[in-house]
Amino acid sequence: MNNRPDVEPVLRAYLAESGDRAPDRVLEDVAARIARQPRRRTWHLHGSPFMNAIAKVSVAAAGIVVAAVIGYTFLSRPATGQVGAGSTPPVTSAPATTTPTNAAVGAPACTPDDVRVYDAVKPGGTQVQTEIMVQLKVADPCAMDAAPTVVLRGSDGSALATANAVHAGVMNLRPAWFFPSDFALTSWCGDAAAFPLSLDVIVGGTPVSVDGWTIADAAGLPRCDPSTGTAITAAKFRVMPN
Amino acid sequence: VDRELVIAAQRGDQVAFMDLLRGRVDRLFAIARRILHDVDRAEDALQDALVIAWRDLPDLRDPDRFDFWLQRVLANMCIEHARRERRRYTLQVLRLEDEAAPDELLGIVDRDIVDRAFRRLKAEERTILVLRYYLGYEPAVIAEVLGVPAGTIRSRLHHAHRAMRAAIDADARVTAVGGTPA
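Protein chains in written order, with our numbering: chain F, 1 to 242; chain P, 1 to 182.
Honestly, the hints are just simulated from the structure, not real lab data.
Please note: incorrect hints may appear among the correct ones.
Claimed, not checked - Here are the in silico distance ranges between beta carbons for each label pair: (1) F:GLU8 to P:ARG61: 30 to 38 Å; (2) P:GLN14 to F:VAL69: 37 to 45 Å; (3) P:VAL141 to F:PRO196: 40 to 48 Å; (4) F:VAL69 to P:SER155: 34 to 42 Å; (5) P:VAL141 to F:GLY190: 42 to 50 Å; (6) P:GLU138 to F:ASP191: 52 to 60 Å; (7) F:PRO9 to P:ARG83: 28 to 36 Å; (8) P:ARG61 to F:ASN164: 35 to 43 Å; (9) P:PRO58 to F:PRO108: 32 to 40 Å; (10) P:PRO58 to F:THR111: 29 to 37 Å; (11) P:GLU138 to F:ALA139: 50 to 58 Å; (12) P:ALA150 to F:ALA16: 20 to 28 Å; (13) P:ASP67 to F:ALA16: 40 to 48 Å; (14) F:ALA176 to P:VAL39: 38 to 46 Å.
None of the values given here were measured: they were computed from a predicted structure.
No residue lacks a Cβ here, since even glycine has one placed at the ideal position from N, Cα and C.
Make a model of the complete structure from these sequences and hints.
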């Protein structure tokens with residue numbers, strides 16, 4: 001005698017409606033977040049988790065070709081006269097430095113007053129993985145490191161952890177363009193911290209607070225992964241024309 | 001009316017966007033909760049998806065496809081959240097409790113066993129099963145929602161069925177001999 005029920009009706013019963021109701025705060029928080037987040041057109045590819053292997057390889061290959069062409073174009077140019085020369089702000093291969101070298105890109109180094117730095121994705125929710133956005137506030141282009149140095153701070157100003165730039169080079173910021181970096185705090189193994197925590201991005205050697213990013217208490221921190229210790233990363237800036 | 005609201009939202013009308021969400025948020029939350037198996041994570045994923053939806057809405061070409069498009073944004077966000085969680089934590093057990101227990105089939109197959117089997121599936125597979133058996137979509141519609149070929153969906157449905165079948169059988173065997181399921 002076969003006593004094994006069919007999977008399909010079991011799944012239907014298991015997933016059946018059971019009076020789900022979203023908490024009111026969902027829409028309230030979404031309304032607050034979209035009010036604070038400037039709408040921008042997305043030109044980078046959002047990879048679908050369902051993308052098949054051939055599509056992934058094709059996209060990767062296309063990306064490599066485009067990167068190679070852009071890289072060849074810029075590397076084959078003289079080092080001067082780059083500002084305004086192309087449609088994409090140049091990210092150069094200059095040696096790693098904490099302060100942009102003006103001669104490398106033809107633009108002055110950005111100061112904290114030149115830029116706005118904010119949390120573009122999660123101003124109100126879990127903050128451990130988000131997108132840090134840098135935008136130029138002034139009319140004239142300026143240059144800053146192509147990868148952010150991000151410092152996690154306690155409310156007493158103490159530096160708790162730092163994501164160091166691992167990509168050498170500088171980039172030109174332009175008005176109305178966006179420069180996002182993917183930030184992640186995936187493991188926290190530190191001692192007790194003074195809450196709320198905040199993030200700083202180093203601009204021209206000076207810390208600039210990431211507007212909208214905060215962790216209110218220990219519950220907002222990720223668990224400690226002993227294999228990695230405290231893990232904090234910030235990816236190289238991308239360039240997004242408005 | 002919804003089409004007009006979608007178009008208004010695409011042009012930047014936040015009130016129109018919130019009006020669109022009001023009638024949909026419970027359903028979307030239910031989808032996220034079933035895929036992620038965790039109320040808090042479902043809430044986070046739903047919020048993130050709705051913010052991304054607001055950001056990317058101008059890219060939606062056909063306002064009449066808003067619901068499918070929104071479900072795609074949510075499904076992808078749930079999978080992304082599930083992947084993050086898999087890297088950080090073991091997924092928290094969430095029983096989809098329903099005291100009314102509408103279907104006696106779940107009396108034959110213990111709910112805990114189904115629950116464990118479902119949690120063992122990949123997030124992509126759970127997503128497809130939720131679209132298929134919670135929303136009642138045919139594979140061709142799931143393919144449209146998720147933007148992948150229908151053949152891929154059928155293949156993954158088949159694999160998810162087999163995985164569920166195997167997990168239920170294995171769990172039942174362990175339980176029958178007095179062991180503790182993984």
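Could one say that the CB atoms of GLU138 (chain P) and ASP191 (chain F) fall in the range 52 to 60 Å? holds, 55 Å
Do the beta carbons of VAL69 (chain F) and SER155 (chain P) sit within 34 to 42 Å of each other? holds, 36 Å
For the hint 30 to 38 Å, verify it against the beta carbon of GLU8 (chain F) and that of ARG61 (chain P). Because 35 Å falls inside the window, the suggested range holds.
Okay, PRO58 (chain P) versus THR111 (chain F) on CB: inside 29 to 37 Å? holds, 33 Å
Go ahead and decide if the range 40 to 48 Å is satisfied by the Cβ distance of ASP67 (chain P) to ALA16 (chain F). Violated, since ASP67 (chain P) and ALA16 (chain F) (Cβ atoms, about 21 Å apart) do not stay within the stated range.
Given the hint of 37 to 45 Å, is the C-beta distance from GLN14 (chain P) to VAL69 (chain F) inside that range or not? holds, 40 Å
Outcome for the supplied range 28 to 36 Å, where the beta carbon pair is PRO9 (chain F) and ARG83 (chain P): With Cβ atoms ~30 Å apart, the hint holds.
Starting from the range 35 to 43 Å, see whether the pair ARG61 (chain P) and ASN164 (chain F) falls in it by beta-carbon distance. Holds - the Cβ-Cβ distance for ARG61 (chain P) and ASN164 (chain F), about 42 Å, lies within 35 to 43 Å.
For the pair VAL141 (chain P) and PRO196 (chain F), does the Cβ-Cβ distance stay inside 40 to 48 Å? holds, 45 Å
Do the beta carbons of PRO58 (chain P) and PRO108 (chain F) sit within 32 to 40 Å of each other? For PRO58 (chain P) and PRO108 (chain F) the Cβ distance comes to about 34 Å; the hint holds.
Do the beta carbons of VAL141 (chain P) and GLY190 (chain F) sit within 42 to 50 Å of each other? Holds - the Cβ-Cβ distance for VAL141 (chain P) and GLY190 (chain F), about 48 Å, lies within 42 to 50 Å.
Just tell me: holds or violated, for the beta carbon distance of GLU138 (chain P) and ALA139 (chain F) against 50 to 58 Å? holds, 55 Å
Going through the hint list in order, the structure does not satisfy hint 13, though it satisfies all others.
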